[in-house]
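From just these sequences and the hints, can you work out the full model?
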Amino acid sequence: MPHVQSTPAAATAAGMSAASAPAPRRWEGVDQALERMVLRACLDQAPERRRVREAFKDVQLSIDHCLFKGRYSDIGTKESYEKNSRGVEIFSKCWYPENHRIKAIVCLCHGYGDTCTFFLDGIARKIASAGYGVFALDYPGFGLSEGLHGYIPSFDTLVDDVAEHFTKVKENPEHRGLPSFLFGQSMGGAVALKIHFKQPNEWDGAILVAPMCKMADDVVPPWPVQQVLIFMARLLPKEKLVPQKDLAELAFKEKKKQEQVNICLPHWHLELIFSYLVLFQLACTFFYNCCSIFFWEEKN
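full-length UniProt numbering numbers the first residue of the sequence shown as 1 and each following residue consecutively.
In short, the hints are calculated from the structure, not lab data. There may be inaccurate statements among the hints.
Stated by the list, open to error - Label-pair restraints from in silico Cβ distances: (1) Cys213 / Tyr151: 38 to 44 angstroms; (2) Asn172 / Asn99: 26 to 32 angstroms; (3) Asn172 / Gly113: 25 to 31 angstroms; (4) Tyr72 / Leu235: 44 to 50 angstroms; (5) Ser85 / Arg40: 31 to 37 angstroms; (6) Gly113 / Lys78: 21 to 27 angstroms; (7) His175 / Leu235: 41 to 47 angstroms; (8) Glu89 / His175: 34 to 40 angstroms; (9) Ile207 / Glu98: 22 to 28 angstroms.
None of the values given here were measured: they were computed from a predicted structure. Every residue, glycine too, gets a C-beta built ideally from N, C-alpha and C.
Pasting the structure below:
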């Protein structure tokens, strides 16, 4: 007869109690079902990004931030999807005062990895409450617009897509003759500047918030490294690469928010990414050495 070890009733009850106890919540105001859905979602393509945004829409309004705390009455909003001239489905949104004619048009350009439905939404409501019509879109590959998340095959094409959308906004009979301004934040500042350069006579001005005008000299990699990265970008343009250094301490001032981000990526997953990056760096070094030898032999 096999030996069977008995388990004390108290221990069994304690185990059942621990198993049935709800897991601690990672984000305040977010139920566990929504947490699981967000953590399991692959946000590479627009359909999943739209599904997550729809589930998170109400939670966003309860975030403890000055942009979301403001309650502006008589502000109307409109969201829409339409295909642009390249056949890419673009998400756009506008904010406007409901009880009087708008004074001018403000066209928002969001930053890299951003969307017009999050922090820019709060900024847009504030501007609209002052009597302006505010218009924005998610770039292709960003937010709710079609495309691989964060992938920009051509920056000039992105600028053309944004300029095309804003031109349609200004050609609306309700908006003709109104002053129009560009508003760009971070990478959106670069987008706004390039649109202004392309259409210098079409805009009455631009507002730039921490614009990406150039890279600081102290963060630009050496020329050989730049060439390796350019080569890798052409060879593997859609490959997912992340910094080897943990940037969480630099990106988040509040320890609590940093911990929430760390929970999202299991430790073993980070180790796997870091191992991959080490191999990637070795491959780049090998490639650079081969190129150096080749050019030295050609020169001599």
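(request) Mind listing which of the numbered hints don't hold for this structure, in increasing order? (result) Structure breaks hints 1, 2 and 8.
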